Amino acid sequence: MSDLFKKLDKLKSNVEGVVSQIDVEALKSEAAAIGSIITDKVSEKVDVEDVKSKAAAVGSIISEKAGDIRDIAIDIKDDINEKLTELDRMLSQTITEYNDAFTLMNDKGLQLFIERTRAVDIINHSEILINSIANHPKSIDSDFEEIKLNRNTFSDTCSFADRELQAARNAAGGAGAGLAAGASVAFLAPATAMWVATTFGTASTGVAISTLSGAAATNAALAWIGGGALAAGGGGMSAGTAFLAMAGPIGWSIAGATLLTSIILFTAKRNKLNKEKNEEIEAVKKNIVIVKQMDAEINSLLQNTMQIRDSLGNVYTQNLPLFGQDYSNFNEEQKHNLGALVNAAKSLSVLFTKTIETESEE
Amino acid sequence: MNINDINIEKLKSNPLLADFSNVFEILEKVQNSLLALRDKSDEKPLTLLKAGSVFVMALVGKVFKERKSPKEFSKSDWRSIADQVAQFAIIQTDEEYSVFVFSMYSDYIRQSVSLLDKKVSKNICNKITAVADDIDGETELFCKGEISEVAYIEGCLWLSLEAMIKLLSGYLGSIGGEDYTELAVAAASFCFEFGRLTLYKREDALLTEYLENQKKLDGKLKEKYDAYINDLNEQQQHFNDLLNNAFSADFRTKLQNTASLALSLGVPKNEVLKSVEDVDDFFLN
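Going line by line, the protein sequences match chains A and B. First residue of the first sequence: 1, per my numbering; consecutive thereafter. First residue of the second sequence: 1, per my numbering; consecutive thereafter.
Bound conformation, chain A alone (with noise of 0.2 Å):
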């Protein structure tokens, strides 16, 4: 223990020692500079009032910047109304446009059909009278297949305003459980309630209840929670939103994000739907020539099938007399004729082995 006691004595020593060197009046004479400055800076006042009118200046431009934002978004927004109508009216038009066009080729490629089917006669009949003539049998070919022509089918704007009104929906659907969600936290998180009655409510003698403590204040918010919130509501749905409204900051916040949710999945849907009915317009415009395409192909090989169905005739007609006799005592025009004969029966059957080319529909 006198060896602890004698530490403290040399420390104490030592502390003297130190506090005799400290300036005291130096520091006091720092000190009292320090306080002079502290003091001039609380005695300059900040001018309350100038900050609040500015802000209140600030706050008008801002809002009429706002409202002049608002008038190009209504202007942008009736600019995409007109867009979206056009390229509705485009769609519906081009189908329509291929409905035609296709009823046009497939009654050109019926035409096709009765023409060959005539044409099967005179080619029977011209090999009736060359076999009549020639040595031995010989056939010319008559068979021919139908041309095959598909339609195809497109979604109409029916199918996509069918579409845009369901995603609409999803979006109503989605706001409607932002509501829910906001009355969920309040339901389930009563504290939230009593906050909110704690921070806005009054107490029937009129006091604000924030002013108020312990039990005369949980008291007085659940009266308010009972009674005031629900001066402006009726029963059902509308107590709900009452009690909703309660649940204030919070409230705004969860059904406010569900909104924006809400806002941009429906925005995003839209917009998928114009790129796929845009996409659809371009393959319907395709396929538009194609029949188009095939349609003259088709009306180009009636033609063709007719011209020759008739001059085929004439020849016929031209050869008949010669029928069972004997070649041997033809002379060179009767051999020319019988000539241009088998050959104008030869290319109107291979006229009938002609089948559309048809390019590859998107």
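These aren't lab readings, by the way, just hints derived from the structure by calculation. In this text the structure is predicted, and so the values were computed from the model without any measurement. Be careful, since some hints might not be right.
Unchecked claim - Label-pair ranges, simulated between beta-carbon atoms:
(1) A:136 with B:269: 18 to 26 Å
(2) A:81 with B:240: 49 to 57 Å
(3) A:152 with B:269: 45 to 53 Å
Every residue gets a Cβ at the ideal spot worked out from N, C-alpha and C, and that includes glycine.
Following the hints, complete the assembly by docking chain B onto the known chain A.
Here is chain B on its own, set in the frame of chain A:
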């Protein structure tokens, strides 16, 4: 009433609710259904979401209207909640449900304003109430058939979001005082309008691109079709020339010309009769 008695676990353990277990399943699926709606186009998730939303609102409405805890609910109380779910979520058409949702939003906004009116200026309260009036206006136009359901829903979504933002910013700004509230609401409105403008501009740009591309495609397809028709016409003209010559009166040229016609149409070369010798061979051999 002890507000702490309102608790989902307490509800589930209530023996009176044994008949309504399916209703609780719906409640539990509300949050999941919202996400499911993002990708699905069938009606089941939407029906679940609607039922869950109506159930919650009907339940809390009953609690605060009748000032009794759910543990005090009788069977008829639960039955009336189930009836409201049936009426508003199941029996109503989807169209009627949309009107129902946004009518609730309008009501919600007005009641939120009444909560806030002691904290913010009348000017701000009027602005927010005006948004609720706009929602009601849209509802009226829709019910009269003057706007489509899609336009109605989209319009009300934006209006409802605008109201939530104004309420939130009004509340947060009120912490600093009335002058700062105006600034806060103005700043929030500016951000909201700018965000909406951005989305609109993006959609507009896409549509403009589509329409311009359609015009270019029309040009290309016309070129392609015209080239095809020109080619076909040339072939047809060639055929017509051959045909006209093939059946001329002069027998001397008839054989040669019909041979040319047959060859051009694709008759095999060895089957075409080009000379008198070919004709002799055909008929005699």
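Checked hints:
1. Taking 18 to 26 Å as the suggested C-beta distance range, the pair residue 136 of chain A and residue 269 of chain B conforms, at roughly 21 Å.
2. At about 53 Å, the beta-carbon gap between residue 81 of chain A and residue 240 of chain B stays in the expected band of 49 to 57 Å.
3. At roughly 40 Å, the beta-carbon separation of residue 152 of chain A and residue 269 of chain B lies outside the given 45 to 53 Å, and the hint is violated.
Going through the hint list in order, the structure does not satisfy hint 3, though it satisfies all others.
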